[in-house]
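Produce the complete structure using the sequences and hints provided.
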Amino acid sequence: MELDDLKQTWNQNQSTKPLNTDIMELIQHKSYGPLAALKKAFRKQIVFMAIIPAYFIMLNVDDLHALSNNVILWSYIAFCLGVIIFSYYNYRLVNKMEGMDNLVKVNLEQQVNLLERSMKWKKTALMAALLFFILLIEIVPYFQHYRMLDKWHSVPAAIRYVVYAGLFVLQYFANTWVNERRYGRHLKYLKELVKEMQ
Amino acid sequence: MQKLEGEKEFIKHISQHELMLYKVCRVYAYSDADRQDLFQEIVIQLWKAYPKFKGDSKISTWLYRVAINTAISGLRKKKNLVTSFEPTSIPEPAGVYDQEHCQEERLQQMYQAIEQLNAVEKAIVMLYMEDRTYLEMEEILGLGQGNLRVKMNRIKEKLRQLTKNY
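Line order of the protein sequences matches chains P and E.
Here numbering that gives the first Met the number 0 is used: the first residue of the first sequence is 0, the next is one more, and so on.
Here numbering that gives the first Met the number 0 is used: the first residue of the second sequence is 0, the next is one more, and so on.
Among the hints, erroneous ones may be present.
[As the list claims (entries may be wrong)] Below are the BS3-like pairs computed for lysine-lysine, each with C-alpha atoms no more than 25 Å apart in a straight line:
1. E:LYS57 <-> P:LYS104
2. E:LYS7 <-> E:LYS51
3. P:LYS43 <-> P:LYS121
4. P:LYS190 <-> P:LYS119
5. P:LYS187 <-> P:LYS39
6. E:LYS155 <-> P:LYS6
7. E:LYS11 <-> P:LYS29
8. P:LYS95 <-> E:LYS47
9. E:LYS7 <-> P:LYS104
10. E:LYS57 <-> P:LYS39
11. E:LYS150 <-> P:LYS95
12. E:LYS53 <-> P:LYS104
13. E:LYS155 <-> P:LYS190
14. P:LYS38 <-> P:LYS95
15. P:LYS190 <-> E:LYS11
16. P:LYS6 <-> E:LYS2
17. E:LYS155 <-> P:LYS29
18. P:LYS194 <-> P:LYS119
19. P:LYS6 <-> E:LYS150
20. P:LYS187 <-> E:LYS150
21. P:LYS29 <-> E:LYS7
22. P:LYS104 <-> E:LYS22
23. P:LYS29 <-> P:LYS119
24. P:LYS29 <-> E:LYS22
25. E:LYS53 <-> E:LYS2
Honestly, the hints are just simulated from the structure, not real lab data.
See the structure below:
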């Protein structure tokens, strides 16, 4: 069968018409694609991370002195701020990925580049968050007494450091696995297409 | 007022080229529901990108870019959308029809063969079937004309192999 023989039939063919062609109605809908879903997830994360610390502050607002000296709470707030900044950065990356009016090749290359950058940032941010909490656990007992932390500090330092190292390794593999499951296939698919366009 | 005029103009452009958009959906989605979803997503993306359209290229070139980009990379929610398959041979037609039916049947066979191409090849073959020039294909896809010609020849051969039983 020759492709050129079918050109006329192809151009006359109307059987592909979708049911709903009300353009006005269609543009009122929200995008349901994965990029829109990602943006929504980052927006939710930003709101959630802003509400939780505000809630804790409101709970302790009666005792301002205790509140201002609560190292754990302020550390948690710093962590939430970090997550908000990270989510906002990712939100902007996804925004850039949404532009669909580029040349197809340029668009694909941009998507690969942004997705890889986002994954790299995520890896770094998670490492930084873990390091932050380890430092917190190690340093806080010098300023404030928390029964749980006292117990942990009664464990020999060598064992504690081995556990921390184990946590880093575990986090590295867990993150790689999650990234592979969530974005790996899609990234591979995009890279194959970019290669195909060379 | 200006927004209303923009909307009217946008709807006019879409209505003039809707058959072209349906064909993108036909090539990239394989069930009516998926085609409907893809059509909706393409229209939404076109509407979002419309304020940036300054008329530097032909409206059809711009529409193709957004539609193909959306079909290729914007939709990965459903597994049966925008995927490619390992080549298998296409089933033979059941009976003998009159000329028109026969041609229609052959077109459906061709669509089935096109389903087995990857997303980039689908875009190239679709633009070729739509009688777009290689220059216009270059402006849509970003591939050089020489490269497009080579790819088109390979695709033709691939489709010939896939439909050789017909």
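### Query
Which of the numbered hints are not met once you compare them with the structure shown?
Violated hints (numbers, rising): 9, 10, 11, 15, 16, 17, 23; every other hint is consistent with the structure.
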